[in-house]
Every structure is written in C-alpha cells, then in structure tokens.
Amino acid sequence: MNRLARKVFLAAVALFLSAPLVVVAGVSVNEKKRLFFPPEGFSLHWYAELATQAAWLTPVRNSLTIATLAGLVSVSIALPLAYALWRHRVFYAKALYALGIAPFILPPVITALGFLIFWGQFGYAGRIENDIVSHGIFLVTLPLMTISLGLESIDKAIVEAAATMGANARATFRTIILPLVRPYIISGYAFAFVLSLNEYIIAYMVAGFTVETLPIKIFNSLRYGYTPVMGAVAVAFVLIAVAVFGLIGRFGDLPKLLGHWQPEQR
Amino acid sequence: MTAGTNRETPRYGVLGYPTLMLGVFFLGPFGIMVAVSFFHRVPGGFYEPAFELANYARFFTPLFVEHLVLSMYVAVLVAVICVSIGFPFTYLLTRLPRRTQVLWLVFLLSVLSLSEVIVAFSWSVLLSRTAGVSNLLAWAGLMDKPASWTPGFPAMLLGLTYLAFPYTVLMLYPPLSRLDPELGEAARTMGASPLRTFFTVVVPVLRPAILAGLIMVFVFVLGAYLIPQILGRPQHWTLSVLITDQAIYQSNLPFAAAMAVFLLAASLGLIALTLGIGRRAGLRS
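Sequence order for the protein chains is R and F. In terms of the working numbering, the first sequence has 248 at position 248, counting the first letter as 1, and numbering is strictly consecutive. In terms of the working numbering, the second sequence has 34 at position 34, counting the first letter as 1, and numbering is strictly consecutive.
Just chain F, with the same shape it has in the complex:
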C-alpha cells in the first residue's frame, strides 16, 4: 500500500502549510530571541544588533543566582510533593470503575485548564482572613481568631502544588493505566497485602515513570508565573517572574532573552533526560 500512496501524493506536499506556520511562528521567534540575547541594550528601552556576552555575564550577579536557586528549590519541592501524593492517587484512580474514572478525569482536566490567575485568586481568598479556612478553625476553637495566611512561602507552595497536581496525575496516568493488573494480582495471591504490593511491586516497576514525572513537573513549575507574584512575596519570585519583569518593566529585552535561553536550554536538557529514561525503560520491558 505504501507504493500506492507514493504514486498518488507527493509525500511532503501536505506538510507545506504546517512547515510554514511552525517555521515562521515558532522557530522564527526562538531564533530572534536567541539573537537578541547577544544584542546590546540601549538604555531607554531598545536594543541594537551586536555580539556581546554581557547579558550572559549577568548570570553571575546575586540577582540572577538568588532567583535561580529559589526557582530550583521551589520546583523540586513541588515536584516531590506532587509525585508522592499523585502517584498513589493515580494508582487508585486507574483501579476505579470506568465511569468513576471518567468523572475524575473531567474534574482533573477542569482544574488543570484553570487559568493561573484564577488558581492564585482562589487560593488567596481561601487563605484570607475574611473568607478563608482560618475562619473554620477559629469557629472550631482551634484558633483564637481568623488570620491571613497569604502572601507567604507556604501559600505559594500550596498554590503551585494545586496548579501542578492535575498535570502530575495526567503525566502518570498512561504508565499506571497500562500496568498489567495481573502483576498486582500475582503478588496478592502470594500473600502480599495491598500496601506491600504497592511498594514492592508497583513502585519498583514504574520507577522510570516516577522519575520522568518528577522531571516533567519540575519543568512545569519552572513555568509558573502568576502564583509566585500573587501568593508569594517579592523575595519568592521565580525565574519566570524575573524574565517578565526584565522584559516588560525594566525594558531590558536582551537580558530577559538571555535568561529565557538559559531556561530553554535547561528545560530541553531535562526533557531529553526524560525521553532517555523512557527509552531505556522501553528497552528493558
């Protein structure tokens, strides 16, 4: 049949339009951004073509290093929290009856698609003094009077965990739903408790998926932009916020571009690592 299709359609003809669109509007912006990261900044808001490493040299300033370390720390923390809750959750989810599963998936997708603005707004209300959970605790006598818990580092962590949790579950859903149910059954018939089965059979078998999940959530959290601004304090701003701040408010596009190129390289490296893990796992099974 391949011979038939070769005769009928030029293979690449149908790819003309996607190539044009992705080439111009995806590779184009990236190429220009990389170029601008080497340009010279003209105070007052613009840049002129040049080739200098000054923008990259600024990576060695405390401003950048502090935000970078903080971003990585936050992203690791959120990734670990999300995967340690999300993995057992997804495991249970895939064992639910199909109808219940679909309901959960609709719910998770709805939360996933929520704008970061709305997530941040919702959590700032939930943690506020007038409408928040602290009212509930005060009413139950656990606290003297309602308090405001936002903005702050814990509030930011909660918001980011909320943002990343549905994403984590949907990343773990394919490997867990493809897990052979007989694997667990075998362990059970040999006398292992469900909990023991989970830790001694399911977790080791899916270690690559867990590792890949951790990395993907890490990259996802690096992209969070509004939650650190709304639920955190300025010292909690992550790299994404810093990039936007430099681009829009400091009008320093070359420096913003250099940071974005750095973030791009780091993310691509991590994604390549994830793909490598997946391929190795695929070879083994």
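Isolated chain R, as found in the complex:
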C-alpha cells in the first residue's frame, strides 16, 4: 500500500509537470490555424513555418546567436574566477564569487532594469551586443558553480606533484587542471546556453524593440491571437532542453552537479 501511495504521488507530480507540454505538443500539429486538443487533423506545417518564414527565422537566429555568445562570456568570466578562488582562497576572490552568484538569485527584473538604464545612459541602446553581455553577466552563476564543483573534486596532490616535477602554473593549468574540469566547463556552458535561450525580461528591457528573441516574439504574437506555431516553438524549446540536459545526464554526473555528495553510493 505504501509503495503504491508513493508511486501515485510521483505519477501525479509527473502528470502535473508534463500536462501542459503534452497539450502544447498536441495543438502544434493541428491542421487548421486553431488550437484544438485533441488536435483536429495532423500536420507538421507549423514546424515548417518556424523554419522557413522570416517572421520566425529572425528571432530564431537572434536567440541562437545571443545564447551561443552569452554562454562564452559567462564561461570566460567564471573560469578565471573559480580558478583563483580554488587556488588561493583569498577574501577578494570570495567576494567576487558572491558577486557572480548574485544576479541569478535576485529577481531578474532588478538586473533587467539596471541594464536598461545602464545602456541608455551611454546612448548605446537596442544592440544585440547588449543582450549578449547582459545575459553573459546574468548567467555567470551557472558556470561559476559547475566549474567550482569540478575544481573541488581535483586531488590537490596531483597539482603538487606537477609542481615538484617542475611544471609552472601555466603548464599545470593547461595539462592537468583544464582537462579535468573540461566536463564541468561544458556543463556550465550548456546551462547558460539553455537559460539564455529562454530568458525574457532582460532581453526585453535591454533591446526588446530592436532585437526580437524567440520568447519576445512569442509574447508579442500572443496579443494578436494564438497560432499553432507557438506550440511548435514550445516543443522545440523542450526538445533542446531535454537534449542538452539528457547529454549531461548521460555523460556527466548530474546528481553531483546538482549538489549530491555521495554519487558512488547507489
């Protein structure tokens, strides 16, 4: 009985989390431009529209460009910061680490408004670079946490051994530390990439009227009525997220990345 109750509870949560996705996948294959569930007829032409029509292709391209480069900005800040903190443990590095964690924990509207005023102040508003830098800063938290986790798991004896054998800091970093933390760098990048793709409020405040990203495009079109293309976009986003996190789960140690301490236990 207790086993059954447990199963029912888990199933109920799974249903709650998947129900909207199932319905959205359903409406995305409607034959006509109406949202019915169960769908009436079956057609994939809304997906084709997403991939061919300029009205949707431009936001797709913007979102992908921003996410790809913002992830790089995040990692480029997080890697030296996490490294310095791990290697030296100076107070300054700790303070900077806290600063890197902050934007993600605070309500994003604060960061968004800060950036809106900041770029406006310098008369440099509405550019795609602003989106890239802003997302890069906002998402620094993610690679910072994964890379720190990766560095913590390196046995410092290896680093010492390299030093006694005459390797300087640069050589040690390149030949020992970097290969060991590479999976964590990639995971951090992937987290930042997916979240940048989905981010709305910062992109909207920073350059919402000139650089349309996919979430902005969806919100703008909601006002003119729903079309199955939105369902198609939602499905595409879910698939990208599942693919990225699925790969991390398959090749990486997802429980450990998320804070599980004894991964070898089970």
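It is worth saying that the hints were derived from the structure and are not from the lab. Predicted model only: the values in this text are computed from it and were never measured. C-beta: ideal position from N, C-alpha, C; glycine also. Be aware that one or more of the hints could be misleading.
[Unchecked claim] Computed cross-link-like contacts, DMTMM-like style, restricted to lysine to aspartate or glutamate with a CA-CA straight-line distance of at most 25 Å:
{"#": "1", "chain 1": "R", "residue 1": "K256", "chain 2": "F", "residue 2": "E185"}
{"#": "2", "chain 1": "R", "residue 1": "K7", "chain 2": "F", "residue 2": "E182"}
{"#": "3", "chain 1": "R", "residue 1": "K33", "chain 2": "R", "residue 2": "E49"}
{"#": "4", "chain 1": "F", "residue 1": "K145", "chain 2": "R", "residue 2": "E49"}
{"#": "5", "chain 1": "F", "residue 1": "K145", "chain 2": "R", "residue 2": "E31"}
{"#": "6", "chain 1": "R", "residue 1": "K256", "chain 2": "F", "residue 2": "E182"}
{"#": "7", "chain 1": "R", "residue 1": "K7", "chain 2": "F", "residue 2": "D180"}
[Claimed, not checked] Simulated restraints, written as ranges between beta carbons of each label pair:
{"#": "8", "chain 1": "R", "residue 1": "E31", "chain 2": "F", "residue 2": "E52", "range": "35 to 45 Å"}
{"#": "9", "chain 1": "R", "residue 1": "L180", "chain 2": "F", "residue 2": "L142", "range": "56 to 66 Å"}
{"#": "10", "chain 1": "F", "residue 1": "P234", "chain 2": "R", "residue 2": "R182", "range": "42 to 52 Å"}
{"#": "11", "chain 1": "R", "residue 1": "G41", "chain 2": "F", "residue 2": "V34", "range": "47 to 57 Å"}
{"#": "12", "chain 1": "R", "residue 1": "S43", "chain 2": "F", "residue 2": "Q235", "range": "51 to 61 Å"}
With chain R fixed as given, assemble chain F onto it according to the hints.
Chain F alone, transformed into the frame defined by chain R:
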C-alpha cells in the same frame, strides 16, 4: 604548495578580467540604477540628476501598497504550496535508484529552463475552452460543457506553482540527498512506519533547509513577470510587472528604479536570512 604558487603567479592577476566585467557590467548598472532612483523625473520620458526622495515617497500610495501586498501574498502562497509538495517529492526522489533519479533530474531541469512565456502560454492553452482539461471533465460527464479557466487568480497560482516547482526541488535536493540514510533506517528498525519516520525524523532534522527553501522560492516568485500578465488579470499584477510597466510604458524610470531598489533590498535581506539559517544549522550539526 601554497608557497610555490605564491612565487609563480601574482594572486590577483588572473582576477583582472572577471573584476572588470562584473565591476563594469554588474555593479555599474546597479550603481546607476540606485542613483536614478533619486533623480527627478522629467515628464516626456527622461530624468535629470537631482537628489530627491519623491520616488520613494510614492511607496505610500495605494498603487504601490496594493501591488506590494498582493505580490507578497502570492509569493507566500506559492512558496508554501511548492515546498509542501516539493519536500516529500524530493525526499522520495533522492531515495530512487540512480538511473531513475537522473531521468527525473533531466526532466526537472528541462521544465525549469522553460521560458516563462512558454509556461504561461502552455497553461493558458491547458485551461482554455477549446483545448483544455475542462473538455476532459465535460467528456467524463463531470461538467455540462467545457469552460475557460483563464485568466484568473487560480490560473495564475497554477502557472506560478509550475514555474517554481522544479526550482524548489533543486533547492531541496542537496540537503535531502546528503541526509544520512542510516537516520531513517534507525527509526525504521525501532518500529516507526515510513510516514512516521518522515514526519518525526526527516522533517525536524531538515527544518533549516525547509525554511531556507521557503525563502528562496518566495524571492523566486517575486521575480515572476509574465505569468501574472498572461494568466492573471491587471489587478493580479505583481511588483515585477509594475516595475516594468513604469519603466517601459509610463516612461517613469526614477520610480521604477526606486521600486527595484526596494525589491533588491528586500531580496538581499531575505537571502542574508537564508544564509544565516544555513550557517546556524551548520554549526549545530
């Protein structure tokens, strides 16, 4: 070995670039925002440097107070719902076999990363008349005919709970997965039922984690911006929506900045409280 590294690399050298980036692009915007919150608004869309408290004085108007009270009410409600479901769920999750756990985590992360637009859109479809659950109920004979349940307060609560639930689970996952399994086993061998073990052993031991989780979810929900707009009615708009509305549509940046500074101070205070709880719990164990 520390002596060796000191000789080789200047300690702060590698921090130059992160300092520059975070200083200019994170502290910069925040500093300017705080400054603007004291500036004088020039009707027509701009502001001029000044030092006045007029923007903060507007906190005492019904507009602000109503939105603030509503935001807090909604955030508390969602935090309580999410943690009361999320805590037992996460407990069960950490007891699953590793493979199943990874599958769940992939699923939770995928839902977590979904854009608020997509969550709001999905729920508005799910609660709509033409494609929603009410069709299912009508078909089963529980309702006369399908109805539309959005927009409205319950729809907004559902959407926010959906948005915050994966976040809640991932906040509770580290403390619960580090919980010593022997603790529960001891209670079990002494004859406690699993349910009793959960309430008399697991919950009390993790009370700090639960409290910290509640606060973090509260702050997270305060940041929700699109769901109140899409699934709620204008009277359900939260502080985040109000800030954006003032900044973009009313062109009142100083007032928006003042509200953002308020939200910032409140959030930082709550996060400091969370850290304090964590530290005290750490000392005790």
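A quick look at each hint next to the structure:
1. Our distance criterion of 25 Å between C-alpha atoms is met by K256(R) and E185(F), whose separation comes to about 23 Å.
2. A hinted pair counts as satisfied when its Cα atoms are at most 25 Å apart, and K7(R) with E182(F) qualifies at roughly 23 Å.
3. At most 25 Å may separate the alpha-carbon atoms for a hinted pair to count; K33(R) and E49(R) meet this at roughly 12 Å.
4. Note on K145(F) and E49(R): the hinted pairing is violated, with a Cα-Cα distance of about 34 Å set against a maximum of 25 Å.
5. Distance hint between K145(F) and E31(R) is fulfilled; the C-alpha atoms sit about 24 Å from each other, no more than 25 Å.
6. At roughly 20 Å between alpha-carbon atoms, K256(R) and E182(F) fall within 25 Å of each other, so this suggested pair holds.
7. Of the supplied pair hints, the one linking K7(R) and D180(F) holds, its CA atoms being roughly 23 Å apart against a limit of 25 Å.
8. As the Cβ distance of E31(R) to E52(F) is approximately 60 Å, the hint placing it in 35 to 45 Å is violated.
9. L180(R) and L142(F) have their C-beta atoms about 58 Å apart, which keeps the hinted 56 to 66 Å range intact.
10. One distance hint, 42 to 52 Å for the beta-carbon pair P234(F) and R182(R), holds here, with the actual separation near 49 Å.
11. The hinted range of 47 to 57 Å is satisfied by G41(R) and V34(F), whose Cβ atoms lie roughly 56 Å apart.
12. Restraint check, S43(R) to Q235(F): a C-beta distance of roughly 39 Å breaks the suggested window 51 to 61 Å.
Going through the hint list in order, the structure does not satisfy hints 4, 8 and 12.
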